[in-house]
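There are 2 protein chains.
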Amino acid sequence: MENMNLSKHISGQFTAELDDIRNRVLAMGGLVERQLEQAIDALSALDAELAQQVIVGDHKVNGMEVSIDEECTRIIAKRQPAASDLRLIIAISKTIADLERIGDACVRIAKAALDKRLNNQQPLLVSVENMGRHATRMLHATLDALARMDADAALALHKEDAKLDREYEGIIRQLMTYMMEDPRSIPDILDVLWAARAVERVGDRCKNICEYIIYYVKGKDVRHTSYEEMEKDMQS
Amino acid sequence: MENMNLSKHISGQFTAELDDIRNRVLAMGGLVERQLEQAIDALSALDAELAQQVIVGDHKVNGMEVSIDEECTRIIAKRQPAASDLRLIIAISKTIADLERIGDACVRIAKAALDKRLNNQQPLLVSVENMGRHATRMLHATLDALARMDADAALALHKEDAKLDREYEGIIRQLMTYMMEDPRSIPDILDVLWAARAVERVGDRCKNICEYIIYYVKGKDVRHTSYEEMEKDMQS
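Protein chains in written order, with my numbering: chain A, 1 to 236; chain B, 237 to 472.
Treat the hints with care, since some could be wrong.
[Unchecked claim] Straight-line C-alpha distance at most 27 angstroms; calculated BS3-like pairs for lysine-lysine: (1) B:347 x A:163; (2) B:399 x B:456; (3) B:399 x A:111; (4) A:60 x B:468; (5) A:232 x B:296; (6) A:220 x B:314; (7) B:314 x B:456.
[Unchecked claim] Calculated Cβ distances over 10 angstroms to all of chain B for the following chain A residues: (8) 33; (9) 76; (10) 119; (11) 122; (12) 126; (13) 136; (14) 166; (15) 231; (16) 233.
Hint data in this document are derived by calculation from the structure and do not stem from the laboratory.
Beta carbons: idealized from backbone N, C-alpha and C, even for Gly.
This is chain A alone, in the form it adopts within the complex:
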């Protein structure tokens, strides 16, 4: 399996640049993971102060996306990378776009935490919190697979997203029941619904990142491919 040990480069400077950009993506991933953890904490405790921190913190995520993207373009123009180096830079450039969108999902979750009336919806908050912890673990494992450029772990995680989707469908059904039983609570419950939706999207983004890992390692674009086809590709 290819890995990110890029010492094969004749140009030590180029190796250092690739190492640097790889570290920056992992740092951005770490920041997004903390944002997600805190957004879920804020929602489950309806902690408005923590929610505000998450909302403000998103600027940092956005800034990292732009600066890493600039660096990717600079490296392509200056180093004219080919083969696996080019795939690495393309995979990174796509990964940061998905990390940025996970950051946006955190903001949406944090905004729901500002609705104090959700205090009356504790059972729903517990469901979303559980789903949120699940998504956080999935993001953590995705970043792990990215650090090690582990295509097998990426394939396993790709499948994990289906579980999160089922959890989400269960929550939507639960939310519908609550809305039908107490129509006055509909505006509040819609806030929970947007938060649940945002958590579900985190899983989709992790799945995308897993596809970029497989693309880098296997040199094959597996987007829009079923799990079974992917598994076959991985063995070939």
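Starting from the known structure of chain A, fit chain B onto it as the hints suggest.
Same frame as chain A, but now just chain B:
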């Protein structure tokens, strides 16, 4: 203003490749625009057959994304483009990702059209249809700006998205009122809500594409920048 007339290239073959990829993106845009039109038609008439066509047609959109992306990578590796050529390829590679996601939004709208019970929700369908036509015009104008690489048009369109957002907020309020008045209709109305949400996301994607146009023409990454800052940048 820079334009896409790339005849300056010494390599006629390279020019032909850039022309070809530009034409393929515009063709993909045309296909996505038809998908959006048909998805809105299907929803407003609750035409299940047309909705199925849209759902099946999304495979073609996905295939175009993958093949154009491969071509972008191939050109970078083979031609080692710099400056505006590299920006063009990066702008294209990001644009097709957003076009593909607009394609996903069309599928979500088409799926709502399969809910026959929405026949009882005609006023809501009219609101979503109006918003959908608005989004379709915005996509059409975005693709126009892309064909001409017109940064001024892109900036104006970027602002247009705020109108679509307000229209969306109005629809959400309308949906809440209907749900509160008739709780039994909640599951059906949620289908309309997902469709409205998908339409709103089309506007966000168009906004992204406008940012890539500005990036190509002005050489400046304007993501996460306010309209006022952008306007200032454009004048400088």
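Outcome of the hint check:
1. At roughly 22 angstroms between alpha-carbon atoms, residue 347 of chain B and residue 163 of chain A fall within 27 angstroms of each other, so this suggested pair holds.
2. Distance restraint check for residue 399 of chain B and residue 456 of chain B: the Cα-Cα separation of roughly 25 angstroms lies within the 27 angstroms cut-off, and the hinted pair is therefore satisfied.
3. Among the hinted pairs, residue 399 of chain B with residue 111 of chain A is consistent with the structure: their alpha-carbon atoms are about 22 angstroms apart, no more than 27 angstroms.
4. At roughly 23 angstroms between alpha-carbon atoms, residue 60 of chain A and residue 468 of chain B fall within 27 angstroms of each other, so this suggested pair holds.
5. A C-alpha spacing of about 23 angstroms is found between residue 232 of chain A and residue 296 of chain B, which places the hinted pair at or below 27 angstroms, so the restraint holds.
6. In summary, the hint linking residue 220 of chain A to residue 314 of chain B is supported, as the alpha carbons are separated by about 18 angstroms, within the 27 angstroms threshold.
7. A distance of roughly 25 angstroms separates the Cα atoms of residue 314 of chain B and residue 456 of chain B; the hinted pair therefore holds under the 27 angstroms criterion.
8. At the 10 angstroms boundary, the C-beta of residue 33 of chain A stays outside the reach of chain B, the nearest C-beta of that chain being 20 angstroms off.
9. The non-interface label for residue 76 of chain A is inconsistent with chain B: the shortest C-beta to C-beta separation is roughly 6 angstroms, within 10 angstroms.
10. With a minimum CB-CB distance of about 20 angstroms to chain B, residue 119 of chain A clears the 10 angstroms threshold, and the non-interface call stands.
11. Non-interface call for residue 122 of chain A relative to chain B: holds, since the shortest CB-CB distance, roughly 21 angstroms, exceeds 10 angstroms.
12. For residue 126 of chain A, the shortest C-beta to C-beta distance to chain B comes to about 21 angstroms, beyond the 10 angstroms cut-off, and the non-interface label holds.
13. Remark: the non-interface label on residue 136 of chain A is consistent with the geometry, its nearest Cβ contact in chain B lying 24 angstroms away (cut-off 10 angstroms).
14. Taking the minimum C-beta to C-beta distance to chain B, about 18 angstroms, the non-interface status of residue 166 of chain A holds against the 10 angstroms cut.
15. The claim that residue 231 of chain A lies off the interface holds: its Cβ sits roughly 19 angstroms from the closest Cβ of chain B, which is beyond the 10 angstroms cut-off.
16. Look at residue 233 of chain A: its CB is around 13 angstroms from the nearest CB on chain B, clear of 10 angstroms, so calling it non-interface holds up.
When the structure is compared with the earlier hints, a violation turns up for hint 9 alone.
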